[in-house]
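Participant: Sequence:
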Amino acid sequence: MYAIVEIAGRQYKVLPDKLLYVRDLGGGYKEGEEIIFHTIFLLGKIITEKVQVKGKIMAHIKDDKVTIFKKKEEKDISSFADIDKTFP
47 MYAIVEIAGR QYKVLPDKLL YVRDLGGGYK EGEEIIFHTI FLLGKIITEK VQVKGKIMAH
107 IKDDKVTIFK KKEEKDISSF ADIDKTFP
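Numbered per the numbering used here, the sequence shown finishes at 134, counting up by one with no gaps.
Among the hints, a few may not be true.
Subject to a maximum C-alpha distance of 25 Å in a straight line, what follows is the list of computed BS3-like cross-link-like pairs (lysine-lysine) [stated by the list, open to error]:
id	residue 1	residue 2
1	108	64
2	100	59
3	111	76
Since the hints were derived computationally from the structure, they do not count as laboratory data. None of these values were measured; they are calculated from a predicted model.
Model the full assembly from the supplied sequences, consistent with the hints where possible.
Facilitator: Here is the structure:
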């Protein structure tokens, strides 16, 4: 049995007795603290009838570093000097 649960704005497939790695829950949860997820989806519909998924914070860990390169379009990089044409 599995459930699709919304956690921190993302949807995760949750299985009993399996670890789940979630990106930044927020809220300042401590290790060992139990949390309850109320938003559960089934076939694209939200279920609110006495169903809840409980989880426990096992550890706070950091993932691998992600390097982001930002590249501007060439037309934005090059520029021409402003020149005024005057008549003496």
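Participant: Run the structure past the numbered hints and jot down the numbers of the failing ones, going up.
Facilitator: none
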